[in-house]
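There are 4 protein chains.
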Amino acid sequence: MKILAITGALRKESYNTQLLRAVKEMAPEDMEIEIVTLHGIPLYDADEEDKHGVPQSVKALQDKVRQADGIIIATPEYNFSVPGVLKNGTDWLSRSGNPFKWKRVGVMGASQGPVGTARSQYHLRQNLNGLEAITMPKPEIFVASADTKFANGKLMDEATRKVIATWLNAFKNWVAKKP
Amino acid sequence: MKILAITGALRKESYNTQLLRAVKEMAPEDMEIEIVTLHGIPLYDADEEDKHGVPQSVKALQDKVRQADGIIIATPEYNFSVPGVLKNGTDWLSRSGNPFKWKRVGVMGASQGPVGTARSQYHLRQNLNGLEAITMPKPEIFVASADTKFANGKLMDEATRKVIATWLNAFKNWVAKKP
Amino acid sequence: MKILAITGALRKESYNTQLLRAVKEMAPEDMEIEIVTLHGIPLYDADEEDKHGVPQSVKALQDKVRQADGIIIATPEYNFSVPGVLKNGTDWLSRSGNPFKWKRVGVMGASQGPVGTARSQYHLRQNLNGLEAITMPKPEIFVASADTKFANGKLMDEATRKVIATWLNAFKNWVAKKP
Amino acid sequence: MKILAITGALRKESYNTQLLRAVKEMAPEDMEIEIVTLHGIPLYDADEEDKHGVPQSVKALQDKVRQADGIIIATPEYNFSVPGVLKNGTDWLSRSGNPFKWKRVGVMGASQGPVGTARSQYHLRQNLNGLEAITMPKPEIFVASADTKFANGKLMDEATRKVIATWLNAFKNWVAKKP
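Chains as they are written, first to last, in this note's numbering: chain S, 9 to 187; chain Z, 9 to 187; chain P, 9 to 187; chain E, 9 to 187.
I should point out that these hints are in silico values taken from the structure, not numbers from a laboratory.
Just so you know, not all the hints are guaranteed correct.
For identical chains, the list gives no copy identity; a pair is met inside one copy or between any two copies.
[Said to hold, decoys possible] Computed cross-link-like contacts, DSSO-like style, restricted to lysine-lysine with a CA-CA straight-line distance of at most 27 Å:
1. Lys162 with Lys146
2. Lys180 with Lys146
3. Lys109 with Lys170
4. Lys59 with Lys72
5. Lys186 with Lys72
6. Lys109 with Lys67
7. Lys170 with Lys32
8. Lys20 with Lys59
9. Lys162 with Lys59
10. Lys67 with Lys146
11. Lys185 with Lys109
12. Lys20 with Lys32
13. Lys146 with Lys109
14. Lys186 with Lys10
15. Lys72 with Lys180
Model, not experiment: these values are computed from the prediction.
Sequences and hints are given; from them, build the entire structure.
Below, the structure written as structure tokens:
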């Protein structure tokens with residue numbers, strides 16, 4: 009089972025990227041997770057697309073989405089919604105053949121605030137609806153107060169690790185289309 | 009009364025930019041509208057911000073927001089939400105002193121689809137909530153089937169022009185803090 | 009294929025109930041649709057539930073949901089969201105064993121306004137997410153200006169009938185788990 | 009300053025009603041808060057309204073909303089959205105002259121879950137947008153894990169009491185139209 013995990017933040021030590029590293033490390037043996045960032049995806053400008061077509065960086069990521077059995081997206085929350093960087097990524101990915109169509113997707117997020125990206129995850133879910141992805145309804149992962157749960161790039165919080173273990177089990181079934 | 013109008017699309021002949029041009033042309037005499045695009049605002053990367061601070065292009069736009077009596081934002085709709093370009097713009101604008109705080113804002117949008125950006129306008133409103141803007145609840149402007157309403161860069165649809173006239177009147181009162 | 013269609017309005021001549029009647033009439037031969045209203049479901053009060061348990065009217069509807077292969081919900085839009093009557097219905101239905109879990113669901117809606125319940129459908133979708141339903145992402149049905157499209161309880165608008173035919177085809181596959 | 013506080017739950021010992029009691033107890037001297045529940049407001053049925061008009065219980069509550077200088081709404085979260093009881097209440101309140109128009113409103117909520125009604129508060133905000141209320145953007149109150157913070161009907165959690173004190177100060181200014 010090949011899983012592509014997209015982090016919605018560009019910051020090298022982003023809590024969301026760290027969260028995906030924890031997910032990857034805890035994944036079951038038959039689940040191979042590749043973590044990618046959105047570095048190199050330009051801002052979407054329809055005039056540029058008319059002139060130059062879909063950029064190579066976007067095409068490469070579209071291929072990765074297409075080849076994956078399932079997708080994980082970890083989203084930060086900026087001003088009560090998805091970061092522009094992540095939204096811009098899906099804007100581009102949907103051009104010239106939307107690779108998310110009917111793809112099984114799971115969402116999660118980490119933030120320093122009290123609601124752990126609850127606000128942005130539902131905007132992301134509506135966005136994924138527009139992309140015709142089939143997004144796992146539950147369980148969910150909201151990592152609140154992330155600054156107290158990670159240290160030296162590693163997830164130290166035991167309760168969060170348990171949540172991830174449960175989530176991974178459900179997600180494996182989800183990708184295998186059960187249900 | 010100085011109004012800053014931000015278009016959420018980079019395309020030169022974007023329907024949303026054309027919509028703002030119609031709004032500007034129809035504005036009452038004592039309302040001066042400046043239309044700006046988000047060209048030149050880079051993708052937000054916290055590592056870059058740490059190294060280089062807030063870019064000059066962002067600072068210049070923050071100043072414009074600060075100096076305006078009111079703000080209009082016209083948003084396209086991509087995959088059921090706000091374009092990444094627009095969300096990225098507000099991500100940056102909120103850095104190092106959020107100029108939207110308590111600013112009076114009006115939103116609108118145009119799309120070729122049947123709901124005229126209804127989906128993205130409510131994501132934008134939640135985003136503006138996070139920015140502590142004070143957004144006019146009603147009336148609203150949803151320009152559906154935009155491809156049939158504009159010609160040669162001009163808004164030709166009489167019904168939409170009436171909607172805009174009513175909206176401008178309400179917005180003028182809104183910016184003047186009535187209520 | 010047994011489908012349960014729930015209308016979110018109590019009004020006898022509700023456009024949403026009429027919409028479901030059109031959907032039922034146009035359904036393929038092997039799809040049997042039963043339309044139900046939420047008449048008789050009381051307002052949810054946890055104190056009443058503690059004293060008297062789940063009411064018989066709710067249990068009967070839970071059974072119908074459980075026995076259906078798929079569910080259709082038609083929602084009006086009141087003040088930019090789902091009617092209280094419909095939300096109250098799902099509040100009750102989720103008590104003592106949630107019959108929506110992993111159930112295949114399709115949503116639609118009709119209103120006299122310009123966006124055809126686009127605002128309420130996305131609130132309903134988030135609600136269904138909470139119920140762990142698996143909701144069809146697309147196609148969608150937004151019947152705007154409903155007062156011009158129905159006459160004598162019948163859907164007269166040819167364009168809307170085409171939209172419904174396409175939708176029914178997709179929904180049949182959705183319920184059959186393709187995908 | 010007269011404030012009407014509406015609790016979205018009917019349960020007598022609802023955490024949201026308890027939250028409003030704490031808010032009332034901590035209010036500044038010149039702010040008088042009346043807490044009301046939605047008991048006695050029937051389910052909205054347009055046919056019933058046609059026959060019998062707006063019920064007396066609704067008219068009485070409309071009057072209270074009209075006479076208040078500001079409104080507080082405390083919302084539970086059921087299945088990721090506002091309870092049907094609360095939504096049904098605003099559905100009725102908006103009939104025959106919407107008393108929320110341009111009324112200053114603050115929202116809050118308590119739940120046993122991890123996000124403290126973050127999901128339902130944003131649906132409530134969109135609903136209030138439809139009612140043309142002017143809703144305070146920030147600060148916000150999300151009382152998560154409410155079962156650990158209240159005892160014997162009283163809010164015991166010191167951190168939450170501090171959040172409420174800050175909120176009350178901001179809300180007082182908000183109702184006084186600053187800004």
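Do the hints match the structure? See the list:
1. In this homomeric assembly, Lys162 and Lys146 come within 27 Å of each other (Cα to Cα) only inside a single copy, at 25 Å, whereas the closest approach across copies is 33 Å.
2. In the homo-oligomer, the alpha carbons of Lys180 and Lys146 lie at most 27 Å apart both inside one protomer (13 Å) and across protomers (24 Å), since each shortest distance falls under that limit.
3. When the C-alpha separation of Lys109 and Lys170 is checked against a cutoff of 27 Å, the pair qualifies only between copies, where the shortest distance is 23 Å, while the shortest distance within a copy is 31 Å.
4. Taking CA atoms no more than 27 Å apart as the test, Lys59 paired with Lys72 passes inside one copy only; the shortest distance there is 25 Å, against 31 Å between copies.
5. Taking identical chains as interchangeable, the C-alpha atoms of Lys186 and Lys72 lie at most 27 Å apart whether they share a chain (23 Å) or sit on different chains (23 Å).
6. In this homomeric assembly, Lys109 and Lys67 come within 27 Å of each other (Cα to Cα) only inside a single copy, at 16 Å, whereas the closest approach across copies is 36 Å.
7. In this homomeric assembly, Lys170 and Lys32 come within 27 Å of each other (Cα to Cα) only inside a single copy, at 14 Å, whereas the closest approach across copies is 39 Å.
8. In this assembly of identical chains, the alpha carbons of Lys20 and Lys59 lie at most 27 Å apart only when taken from different copies (13 Å versus 32 Å within one copy).
9. Taking the shortest Cα distances, Lys162 and Lys59 sit within 27 Å of each other only across copies (24 Å), while inside one copy they are farther apart (44 Å).
10. In this assembly of identical chains, the alpha carbons of Lys67 and Lys146 lie at most 27 Å apart only when taken from different copies (24 Å versus 31 Å within one copy).
11. For the homomeric pair Lys185 and Lys109, the shortest alpha-carbon distances inside one copy (15 Å) and between copies (14 Å) are both at most 27 Å.
12. In the homo-oligomer, the alpha carbons of Lys20 and Lys32 lie at most 27 Å apart inside one protomer (17 Å), although the nearest pairing across protomers, at 42 Å, exceeds that limit.
13. In the homo-oligomer, the alpha carbons of Lys146 and Lys109 lie at most 27 Å apart both inside one protomer (20 Å) and across protomers (10 Å), since each shortest distance falls under that limit.
14. Taking the shortest Cα distances, Lys186 and Lys10 sit within 27 Å of each other both inside one copy (16 Å) and across copies (21 Å).
15. For the identical chains of this complex, Lys72 and Lys180 are intra-copy neighbours only, at 19 Å inside a copy versus 30 Å across copies, given an alpha-carbon limit of 27 Å.
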